[in-house]
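So the chains spell out like this:
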Amino acid sequence: MRVADPWPTMAAPKVAMLTHNVLRNRAVELSEDERSILESAVACTRSYPAGQIVVRQDVPVDVSTLLVEGFMTRHIDAKDGRRHLVAVHVPGDFVDLHAYALKRLDHDVGALTNITVAVIPHAALQEIQLHHQHLTHRLWFLTMLDAASHRHWVVRLASLNAVQRVAHFLCEMHARLLAIGRCNAGRFELAMTQSDIGEVCGLSNVHVNRVLRQLREEGLCGVRSGQVRIHDLQGLATVGVFTPDYLYLNRPAALRAVGTPGDDHG
Amino acid sequence: MVDERRYLEPQKDAGRATAENGVVILEGPDGVAVTMTAEAADLTARSLHEAAQKVRDGDSAVPSEDDGNLEDPNRP
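Just so you know, the protein sequences line up as chains X and B, in that order. For the first sequence, this note's numbering assigns the number 210 to the initial residue and increments by one for each residue that follows. For the second sequence, this note's numbering assigns the number 36 to the initial residue and increments by one for each residue that follows.
Calculated directly from the structure, the hints in this document are not laboratory data. Glycine included, C-beta positions come from ideal geometry on N, C-alpha and C. One should not assume that every hint holds.
What the hints assert, rightly or not - Looking from chain B toward chain X, a few residues come up when the C-beta cut is under 8 Å (computed): (1) 55; (2) 58; (3) 62; (4) 63; (5) 66; (6) 79; (7) 83.
Chain X on its own, in the form it takes in the complex (with noise of 0.2 Å):
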């Protein structure tokens, strides 16, 4: 990934909300009054193309930056050159709210596709944990869903053989996608190639093509240029030994995620 350049910045834009997504269709959401809050206090958006780092590990920062378009990783590149990605995001996500606190990150953030994000200062947050403290807390109870998000990724590594990994993966990015409106009857864009997939589920590249084929072939999903579909959900988290607790969905949503009967699956 290159380094970011001297970010370009315009105006926050006054008519659709940068918050929409954020907390949306989870078990705790934010009130009209706290999401204008929060879109009051954000400084600017900025717009990065695909692969560029947006915050880079060990750099002291003083913003945090909300998702608003397309998608994100967190990821750590090992000494022996591979790059683990910790983290996928989606808009709604603020990729590093824990910067607020750490004032440097142990990783960095880069752009998976292209993306547009929403800068807030840390000062504005400040601001907020000052003298909102209902929205401090929905801004705390974020960075706890990246902490749980966080634990359940490592007990997949642990415990799952690979057609489970990339299962629950794909079950976990649905779910998520579908609480933010971005999937349609088990159809969703996920613009990672198989190696992507593959530093996020400890695999190699041969090894996620075969499980995608085997995933294709059992019948229950298909990943072609950047889409997903999937054909049986609740066949798809049975086999990834997906439930969608640890993301804290309202239950509507969890439901969705999969595949209550009578669903349209998104």
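Given chain X, work out where chain B should sit, using these hints.
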């Protein structure tokens, strides 16, 4: 509530190796998922054979200065 923890124990199920697109994929047991070159797979197979034979020969005892017990004696 009873905590039904299961500790990692030696696997009784074998891993399964397959050839795929010019490499060897080893899957299982447990969460093992490794892709190897044919040469690395050969060496791994030989090493596994040798280690298994040592176990059968009773030649895998822990050195006397380390009894291999990492359990905390105060832990219930």
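Of the hints given before, which are not true for this structure? 6 and 7
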